[in-house]
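Chemist: Construct the complete structure from the given sequences, taking the supplied hints into account.
Number of protein chains: 4
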Amino acid sequence: MVVILKQDAPKQQVDELLQWFNSYGLKTNIVVGEHTTIVGLIGDTSVVNIDNVVANEIVETVKRVQEPYKNVNRKFHPDDSVIEVEGEKIGHGNFKVIAGPCSVESEEQIIEVAKRVKAAGAKFLRGGAFKPRTSPYSFQGLRADGIEMLLEAKKETGLPIVTEIMSLQHLDLFNDVDIIQVGARNMQNFELLKELGHSKKAILLKRGLANTIEEFLMSAEYIYAGGNSNIILCERGIRTFETMTRNTLDISAVPLIKKISHLPIVVDPSHATGIVSLVEPLALASVACGADGLMIEVHNNPKMALSDGAQSMTPDGFDETMNKVKQLAGFYNMTL
Amino acid sequence: MVVILKQDAPKQQVDELLQWFNSYGLKTNIVVGEHTTIVGLIGDTSVVNIDNVVANEIVETVKRVQEPYKNVNRKFHPDDSVIEVEGEKIGHGNFKVIAGPCSVESEEQIIEVAKRVKAAGAKFLRGGAFKPRTSPYSFQGLRADGIEMLLEAKKETGLPIVTEIMSLQHLDLFNDVDIIQVGARNMQNFELLKELGHSKKAILLKRGLANTIEEFLMSAEYIYAGGNSNIILCERGIRTFETMTRNTLDISAVPLIKKISHLPIVVDPSHATGIVSLVEPLALASVACGADGLMIEVHNNPKMALSDGAQSMTPDGFDETMNKVKQLAGFYNMTL
Amino acid sequence: MVVILKQDAPKQQVDELLQWFNSYGLKTNIVVGEHTTIVGLIGDTSVVNIDNVVANEIVETVKRVQEPYKNVNRKFHPDDSVIEVEGEKIGHGNFKVIAGPCSVESEEQIIEVAKRVKAAGAKFLRGGAFKPRTSPYSFQGLRADGIEMLLEAKKETGLPIVTEIMSLQHLDLFNDVDIIQVGARNMQNFELLKELGHSKKAILLKRGLANTIEEFLMSAEYIYAGGNSNIILCERGIRTFETMTRNTLDISAVPLIKKISHLPIVVDPSHATGIVSLVEPLALASVACGADGLMIEVHNNPKMALSDGAQSMTPDGFDETMNKVKQLAGFYNMTL
Amino acid sequence: MVVILKQDAPKQQVDELLQWFNSYGLKTNIVVGEHTTIVGLIGDTSVVNIDNVVANEIVETVKRVQEPYKNVNRKFHPDDSVIEVEGEKIGHGNFKVIAGPCSVESEEQIIEVAKRVKAAGAKFLRGGAFKPRTSPYSFQGLRADGIEMLLEAKKETGLPIVTEIMSLQHLDLFNDVDIIQVGARNMQNFELLKELGHSKKAILLKRGLANTIEEFLMSAEYIYAGGNSNIILCERGIRTFETMTRNTLDISAVPLIKKISHLPIVVDPSHATGIVSLVEPLALASVACGADGLMIEVHNNPKMALSDGAQSMTPDGFDETMNKVKQLAGFYNMTL
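Protein chains in written order, with the working numbering: chain A, 87 to 422; chain C, 87 to 422; chain G, 87 to 422; chain S, 87 to 422.
Hints are supplied without guarantee of correctness; some may be wrong.
[Said to hold, decoys possible] Derived pair list, reagent style DSBU-like, types lysine-lysine, alpha-carbon separation capped at 35 Å:
(1) A/K175 <-> A/K286
(2) G/K149 <-> G/K175
(3) C/K92 <-> A/K410
(4) A/K113 <-> S/K389
Keep in mind the hints are simulated off the structure, nothing from the lab.
Modeler: Below, the structure written as structure tokens:
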């Protein structure tokens, strides 16, 4: 941590501040310039509340030097993490596709889609049972029944299932779910993250619409710090001023996170853009820049989908896209 | 709703689409131009899933004409709502200040601050018991004990209390809380909003960091639709590219929401900027543009605050600011 | 400047870097921790290219400590600047209103509007002659003729005039213009800024749609460094994800800039929102938080305006708003 | 264009508005609902000033149906445009790499870099002579001398050159430049765009930091409408709240623009992120999602670069990246 003091800081107050840092076991090193005085702090500065330092009237600014995340930091864990779920691995060259409808709508629908996406090469089935919707008047999901239907589809196809949790209160319903998804709107639902940290389930953590990469990793840190290291990150677009796409896919986050964290990261091009014709090119871009997988919305009848029809592929469209994804993954010596 | 069809839409598919709209009881009106065909829909279009329409291959775009919010819409409720809590009114000329520390840290601290903010003219005491923190290693609040301390402070001073709920599971702990705050990160925690809709408590709903004004009103609509109309909105800054301030206070949201909704709206200049010296000028700006109140962080010792010290006023600073706020409110014939 | 070195930086390369800093006349101070090494630099670090330092393979990050702006920095110029144009002062308690149509459309129009805004209390007449328009098919302004008409309006009313320059090539046409406006889209047209730095004219510099406050001050620094200190800043809204308003007025920029710079700053609530009914509340908010003036669009017939009709006030509406602005300014002991 | 009228619009005013539309040769079609009245306009609505319509007191909102760009719209020009410069084609499967230093610093430097990037497979040499810099105290480029040095490098290597224009006044200096770059900060310098529309030179138009895709295409429309169809678009990152990268590369813009416009689009991963280690993965992502080329910063000694060292590759690094780009392009049957 580096602390910049105000020009006219009285010596006594400076000494008090230095003693306060020392009381936390930190070494201090002070450099006095004409217009600025810089205090360098060495040691475990995570024990110091940065807000308190800024609130001190002799302090101009404080700059943190170390990353605030530890468990998910590649510095302290140089090897790629590999997450294994029902025999399927994600990460470190294991590229996997998760596919399925935005919402589970009926047993027939989810089984039909599951069969098609499995045939196309997806290794996980997604489907929303609890649906976060902007409007209270929109379809809210089949809830517990939706999870039952996903489990039926798993029985039929063998595909492990991924579905979103919206509230801690529903946790018991997720006992047989293979990967619990934390949606973008819950990325900073810290009570939920803490509880999932005590679980052994794999967690698919989506980046929030307005969250920085550092905050994204800090949310993963919440889960990891609780004891659960089975975390898959998911970039799904951030909110910007652009209105032609639903969100802006932050593709740079993929190679950047691969560099600073050891966790696998997948990309959701469906939610990132909201436009079905952009899903394939962005899926290919994700493969090319090192993502560990994809999450794609597929619906057997997008026109009649109860949610997100505009961004859902048909099973036939998904077949075509998967062919191209497989070829490109093969070019990079990855098998799906 | 207005539906724009693609140039080359085949007549049969157009007819099918029109029939589908009719099946929902909607009147359709079609206008054919050289390059575009426009279908106007009249009736209750909220029954139609806009995603399905966009997913239709003959549709180019869909434009919604009516606001998606109803209960909170001023069109259907022209008079200002007034929220009354423990005898104190907010809205329609009743301007109220909510003040207190970011976090409750001890009984002594919260009682001392409560006395000071009451003396300065605040009518509600705020204090965080459950704290949403980006880092799992930061102080997480005193939780249930914090609420007990707030209730002690209420007993001592008579000030009704405002505190944030982070999870539905804690709802029972909020039985004696006067105003339940839904924080920015939970603005779209829809399960929580639904449950609060069944409560009779006043709800202070903060705008999310990346949420539009329409989404903000839709979250209020969730609570209102459940049967609870005691909603106070709170503008607290949105996330933008600017880094000198913690967030960007969207002051325009205040007069805009006053125009399109009947709910009262207060401003939180402390969280909006994160800089204590900006709190006073932004508080005055809020009064001048028609806000119904303010929420201000005050700490008896900001340097030692366990959270948000950099944006907390001292009690003495708060006295000065309140004098100016009162004078300006008086100029506008409002009493605090 | 503070330089953070990588954990494993070889001693020889560190020594080379330190010598390189010394060669610029800088004192270096090195603090070695377990995971990090911090180098503090003291002296005039503006001579060092920060990009070069970051590009060094042993450097992890570089953090600047001093503000990059000097001339416009309040630290080196504690007193408020007052800009005087044709006998009218702006800044340090001198609050002034600039008003007029978005575009000059005819001599009759501009004279009529000039008379009305003067009668209402405006001290400067604005009007666009050269118009930056997103579409090449939109009205582009009357150009040189527009400036002639503004000068006619000045002759009739005595109001000094403000109009926007879009290209260096037109500079000769601005000889009799009183305040040259640099529009948001040209805030970083550095060749233009340099040239205006050699002028003696007052410059109204508008903040760019995507520019930080620091960049805004750096653009003012360009003008100031060239020798022209007659600079009035103008906050006019930034681009965010919100779509209900045209831009998001960054009201916090007003008190923040007053704190860190000595230049006067005015607010343009018309462009900030694009909604005429929001102009008055935001004008009042601007007065309350310490702005030095306002810039407001007024058109004698907004329905027939050739640009920006939706955000233009009528002269009658402007009369009403000015009454409230004058009263509030009076409350703060300022006269318009 | 679709016009939504207010609920209580008096019949006489509605009739006046309809007549006003008719006076522009537009057909109107009115649909009256319980809460809303919709007017559909058919014909060339580009003649109507949308601002005037919004400013009408009986109008609630106006929604445009047709794209405002014509010449660059794929609807009216279904085939890909191919831009040919000095025998090198860009677009429609012709993938080209533009490479070179941020700034031209000396004849030796630019010639050395030119030889290296040519050997690696680049077909165009970039180098800044006029440099837009945030600070007036930063290196501003070698200006006219820089262009001379680029021409020397062209003579040595045969590579056509790309360099940025910052002001119309310098246009004469660009007579021998092969591709004139319009930088992000000048994307809406409309006077410059108009003049370049009268040129025959190829123009590389970079997207502005805060500009939507629609505005980007409208700026291309300015050039095209003037008579110059030799336009290459360049996505180079937009400004968002994320701070770990300099900008956020909007990769979705590539396939989206390919869909709605016929112009070629290249990607600049160097400026998009400002981090050299991200350039290669983003270059590959760009190839995979259909970009027509790349623009990459290469410097023979990034540590000593006068600008943008942190994002510049070394020639050796560029060799490696180009090998991967060529292989991937080959996989897609494109040759560089």
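Chemist: Identify every previously stated hint that the structure contradicts and give their numbers, smallest first.
Modeler: 2
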